[in-house]
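Undergrad: Can you make the complete structure from the sequences, with help from the hints?
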Amino acid sequence: MSFHPLQNVEYWSTYNVPNFILDPHMRCKTSGRPITTCIHNKMDEPINKPKKYSYCRNEGHNRNNCPYRQ
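The numbering used here puts the last residue of the sequence shown at 1469; the count rises by one with no breaks.
Don't take every hint at face value.
[Said to hold, decoys possible] FRET-style restraints, in silico, Cβ to Cβ:
1. F1402 / P1445: 52 to 62 Å
2. R1468 / R1426: 43 to 53 Å
3. P1423 / Q1469: 52 to 62 Å
4. D1422 / P1445: 31 to 41 Å
5. I1446 / D1422: 38 to 48 Å
6. D1422 / H1460: 52 to 62 Å
7. P1449 / H1424: 43 to 53 Å
8. N1463 / C1437: 33 to 43 Å
9. D1443 / P1466: 35 to 45 Å
Since the hints were derived computationally from the structure, they do not count as laboratory data.
Remember, predicted model here, so these are calculated numbers, not experimental data.
Every residue gets a Cβ at the ideal spot worked out from N, C-alpha and C, and that includes glycine.
TA: Here you go:
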């Protein structure tokens, strides 16, 4: 099936639907980080592991003072 739009504006039906005015306080937050609604428990707590440098996989230093990187 195909859709044939009406060419002439005079053939259009009148708009009889009421205009809605939205409450500006009910709008969603559009910028920034979204607010989470989940409830955190013991499982969500971070595990305190020492950080390791990804190049040599040793802990206690970073990219600037790695003894294995040239």
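Undergrad: The structure should be examined with respect to each hint, and the outcome stated for every one.
TA: For each hint, the structure was consulted:
Roughly 55 Å separates the CB atoms of F1402 and P1445, a value that falls within the hinted 52 to 62 Å. At roughly 50 Å, the beta carbons of R1468 and R1426 sit within the given window of 43 to 53 Å. A C-beta distance of roughly 59 Å is found between P1423 and Q1469, which places it inside the suggested range of 52 to 62 Å. Checked against the given bound of 31 to 41 Å, the beta carbons of D1422 and P1445, roughly 39 Å apart, stay inside it.
Between I1446 and D1422 the beta carbons are some 44 Å apart, a value that agrees with the proposed interval 38 to 48 Å. In this structure, D1422 and H1460 meet the distance hint of 52 to 62 Å, their C-beta atoms being roughly 55 Å apart. A beta carbon spacing of about 47 Å between P1449 and H1424 agrees with the range 43 to 53 Å that was offered as a hint. Checked against the hint of 33 to 43 Å, the pair N1463 and C1437 passes, with Cβ atoms roughly 37 Å apart.
Look at D1443 against P1466: about 36 Å separates their beta carbons, and that is inside 35 to 45 Å.
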